[in-house]
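There are 2 protein chains.
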Amino acid sequence: MKNERNLTLLTDLYELTMMNGYFLEGKQDEIAVFDVFFRQNELITYSVAAGLEQAVDYVLNLSFGEEEIAYLKSLGIFDEGFLRYLSGLKFTGDIYSVPEGTVVFPKEPILTVRAPVIQAQLVETAILNIINHQTLIASKAAKIRYAAKGDNVMEFGLRRAQGPDAGIYGARAAVIGGCNSTSNVLAGQMFGIPVSGTHAHSWVMNFPSEIEAFRAYARVYPKGTLLLVDTYDTLRSGVPNAIKVFDEMRAEGKKPLGIRIDSGDLAYLTKRARQMLDDAGYPDAIICASGDLDERLVQSLKLQGAKIDSWGIGTKLITSADMPALGGVYKLAAVEENGKTIPKIKVSDNSAKITNPGFKTFYRIYDKATGKAEADLVALRGEKIDFGAPLTLYHPVERWKKTTFENYEVRELPVTVVKDGERVYDFPSLKEIASYARRETDTFWDEYKRLDQPHIYKVDLSDGLYALKAEMLETIRKGGSL
Amino acid sequence: MKNERNLTLLTDLYELTMMNGYFLEGKQDEIAVFDVFFRQNELITYSVAAGLEQAVDYVLNLSFGEEEIAYLKSLGIFDEGFLRYLSGLKFTGDIYSVPEGTVVFPKEPILTVRAPVIQAQLVETAILNIINHQTLIASKAAKIRYAAKGDNVMEFGLRRAQGPDAGIYGARAAVIGGCNSTSNVLAGQMFGIPVSGTHAHSWVMNFPSEIEAFRAYARVYPKGTLLLVDTYDTLRSGVPNAIKVFDEMRAEGKKPLGIRIDSGDLAYLTKRARQMLDDAGYPDAIICASGDLDERLVQSLKLQGAKIDSWGIGTKLITSADMPALGGVYKLAAVEENGKTIPKIKVSDNSAKITNPGFKTFYRIYDKATGKAEADLVALRGEKIDFGAPLTLYHPVERWKKTTFENYEVRELPVTVVKDGERVYDFPSLKEIASYARRETDTFWDEYKRLDQPHIYKVDLSDGLYALKAEMLETIRKGGSL
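Respectively, the protein sequence lines represent chains A and B. Under our numbering, the first residue of the first sequence is numbered 1, with each subsequent residue one higher. Under our numbering, the first residue of the second sequence is numbered 1, with each subsequent residue one higher.
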């Protein structure tokens, strides 16, 4: 498929004005370290990282062609030398990131860019755009998967997505987070996602009667006869007509697949429809439900005993309707001078917005006995951490307890993805990512994942990072400069 | 710029399964008429239509290439003859639509496709995706423009947009609805939108001190020195340092542009900063504000007397955060048999979801004296409407009143955009669209546009459409088939 776009200019103007400034101030080769992280938010207590592959594609394919340079020149604010410099610009830095599908928490440096400041600044906007979007949708899908408790979940939102990419990469992210398939054919083609879908109300309305429409569908798809039964009247017309056609199929030795209901009271209708199908001898016929569903409605329908085997989730997943932006940020954590790392901190009168300084990584600590994640630790890169020393860990049921590390496994989550401008990491297939995400999500107690009042997972700072941050804040308090 | 994608498969699988079914049932040449419309929603009392150019581009560039056909074949559900048929498929139908920038209301057929059913079905998903997204963002921008009362409004949301397209086409839509510029350089290049942006906190943190960062910025941009003053402490450090640099510039005969504040209490900070700038002799220095703003915060800040000249609106505009999907639908309105139009209706036990049948258009009625829009009338195409007859019109202040049409002008809003697969409409430039949208929006009384408890604009059905709908519903009530 043709899918070529030069997205180099997918950036905020201020990145380019700053780059021009760094160039003119002779700072273009200074190394800077930027972290991507999310802030605490009541609606996102845990997230599933996604979008790394597309973000890295953007960074490694940066290219200012003639048209881009001509456009920038036309703005009349850039130095000629800077524009010449841009025309040869490639990314030569490093990127560290958690693998896609990793469960991540607020304030963790899920992606770190270490590069000449002029490059690190350029890539900020696109990295945030891509990671914010895909992580948002993957996280929403994870919540829906949690509520659906193992049922089949289909992503149906393309028509309500915020433009083509939101549909395409939203479907990719939904599969990472927990969906089994998508209705989006282009996403199916691009990423090998299973595609699903049967027919719409318009199919039924395009035939002289509902039963003729159903018969035609059964003729065309004898192996996948799934009939939408709510065009006219679900229980008085749709389900009885579907059963009539199923009977005709059975008489010919064919096995129908089931029905879909897209409107009305899904609890009531699916229970009644299940009974009607069972009574007619179709206990294996599945019932798919769709129509403005999200994780809360799925949970409510299951609590009400709705008879739904397969869930089609549209608008509220593909837009993450209750929180349509994740608010990930990209903050300067350090600069390097003569090979020495100088940590940087951004303070704020809102203490939740104070950043963690320094070139960092983070660790996840697992209980060997249960295999469950117990806490994360954000630390400075190169910091020696005594994982054998007694540490305070959080357990959602037993609450605070002192323990040593001998019963725990420690894993460093970020990996090196790009080194000196070269990719040094093989991107897994989407199937592998989705499977990793499910395993990762399952290492967290349900207490962290429940929809109401979840426990807040503990993310701690290492001794070295804590001391550095305290020292820098103290210097600022005393009126000093950093 | 390279910007080539084959988006043909940007469709839901069920469109293709239905198409395959219509093909096998010999129905591929039957003509169907589908309407795009929005349903009533408390958060969108009026919308600004956008996305037509991209939707039509999709339709007229449909092309199933070898890779697309091979992928569809691999799914194992499509007829070989159908796949051959697809490989030569072009859109041969008609599209009617309101011009972009038109103010539209729920239930109005803002875009109508009349085409062989197999084509009309294919294009449903992408048309909805594109029109839903851009109309959503244009409508949100119109609300922000209303609240900003003529101030400069800048679209700043790219990093929080739902993927690259959401940023790119969202910026386009935001300009249609009411923004004056965007931070998105690619959108600037693609659509000729003015771009805006200066520097981030990281610029300040990348210099030894705030004042050195400000001095460097003033050196690089002596004609556009706009300084971000909230990196450390807005009133104690940022504004005083900015004034110091402005004084240095003044000594050299240069004129500074102003400051930007991106956090904290914008009402308090901007009033204090304004006073400090005025006292220092910079009454012309502008104050830009940004940081999680939307139309309600803009309105609130203006009510509080905040001193803000220019508004940067990010996340909440580019995602339409309080309502991230418009919910536009594409519903079968008619089919044609032997050249005769057979109207179709979709009923529901929710009466708000019953569709308007038939091949339709709609009219807007303007008061000649005031130039204001008074009501819209949805009618059947070809229906003779006696615009001289007394009609009941709604006036937001005078309430219901009887009047005749002699004091009114009537305009049919949809135009013919595509006829027999050929474009017969020249797309205006984005500048023309934005200017048209502003004129259109200004033809509505503020009573319809206010943020709280707006009057609901009257959209009526013509006598012919009303009679047809009543007759069809009566037939269904009596148990008849349509």
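No lab work stands behind these hints, which were simulated from the structure alone. Do not rely on the hints blindly, as some may be mistaken.
Some chain A residues close to chain B (C-beta under 8 Å, calculated; not the full set) [what the hints assert, rightly or not]: (1) Asn41; (2) Lys73; (3) Leu75; (4) Ala166; (5) Leu186; (6) Gln275.
Taking CB as the label site, the calculated pair distances span [to be verified]: (7) Lys90(B) / Glu336(A): 56 to 62 Å; (8) Gly382(A) / Glu248(B): 51 to 57 Å; (9) Glu336(A) / Asp309(B): 53 to 59 Å; (10) Lys419(A) / Thr416(B): 40 to 46 Å; (11) Ile342(B) / Lys255(A): 48 to 54 Å; (12) Leu75(A) / Arg84(B): 47 to 53 Å; (13) Glu432(B) / Pro194(A): 53 to 59 Å; (14) Ile77(B) / Arg84(A): 50 to 56 Å.
Lysine-lysine pairs mimicking BS3-like chemistry, simulated, CA-CA at most 27 Å apart [what the hints assert, rightly or not]: (15) Lys346(A) / Lys244(B); (16) Lys449(B) / Lys149(B); (17) Lys307(A) / Lys223(B); (18) Lys340(A) / Lys255(A); (19) Lys73(A) / Lys431(B); (20) Lys353(A) / Lys307(B); (21) Lys346(B) / Lys27(A); (22) Lys73(A) / Lys223(B); (23) Lys255(B) / Lys254(A); (24) Lys27(B) / Lys27(A); (25) Lys223(B) / Lys271(A); (26) Lys244(B) / Lys478(A); (27) Lys307(A) / Lys254(B); (28) Lys244(A) / Lys346(B); (29) Lys271(A) / Lys244(B); (30) Lys353(B) / Lys255(A); (31) Lys73(A) / Lys255(B); (32) Lys254(A) / Lys307(A); (33) Lys27(B) / Lys255(A).
Beta carbons are placed, not taken as given, at the ideal position from N, Cα and C, and that holds for glycine.
Hint validity - Leu186(A) Cβ closer than 8 Å to any chain B Cβ: For Leu186(A), the interface hint holds, since the closest Cβ of chain B sits about 4 Å away, which is under 8 Å.
Supplied distance hint 48 to 54 Å, evaluated on CB atoms of Ile342(B) and Lys255(A): violated (35 Å)
Cβ separation of Lys90(B) and Glu336(A), checked against the hinted range 56 to 62 Å: Given about 57 Å between the Cβ atoms, the range holds.
Distance restraint between Lys307(A) and Lys254(B), which requires alpha-carbon spacing of 27 Å or less: Roughly 73 Å separates the two Cα atoms, so the pair is violated.
Distance restraint hint 50 to 56 Å, applied to the beta-carbon atoms of Ile77(B) and Arg84(A): holds (54 Å)
Lys73(A) paired with Lys431(B) [C-alpha distance capped at 27 Å]: holds (21 Å)
Agreement of Lys353(B) and Lys255(A) with the hint, judged by alpha carbon distance not exceeding 27 Å: violated (34 Å)
Lys419(A) paired with Thr416(B), Cβ distance criterion 40 to 46 Å: violated (57 Å)
Interface hint for Ala166(A), Cβ within 8 Å of any Cβ on chain B: With Cβ-Cβ at 4 Å, under 8 Å, it holds.
27 Å Cα cutoff - pair Lys254(A), Lys307(A): Roughly 24 Å between the alpha carbons, so the hint for Lys254(A) and Lys307(A) holds.
27 Å Cα cutoff - pair Lys27(B), Lys27(A): Answer violated: Lys27(B) to Lys27(A) is near 67 Å, above 27 Å.
Restraint check for Lys353(A) with Lys307(B), where alpha carbons must lie at most 27 Å apart: holds (25 Å)
Against the hints set out earlier in the document, violations occur for numbers 1, 2, 6, 8, 9, 10, 11, 13, 17, 18, 21, 23, 24, 25, 27, 29, 30.
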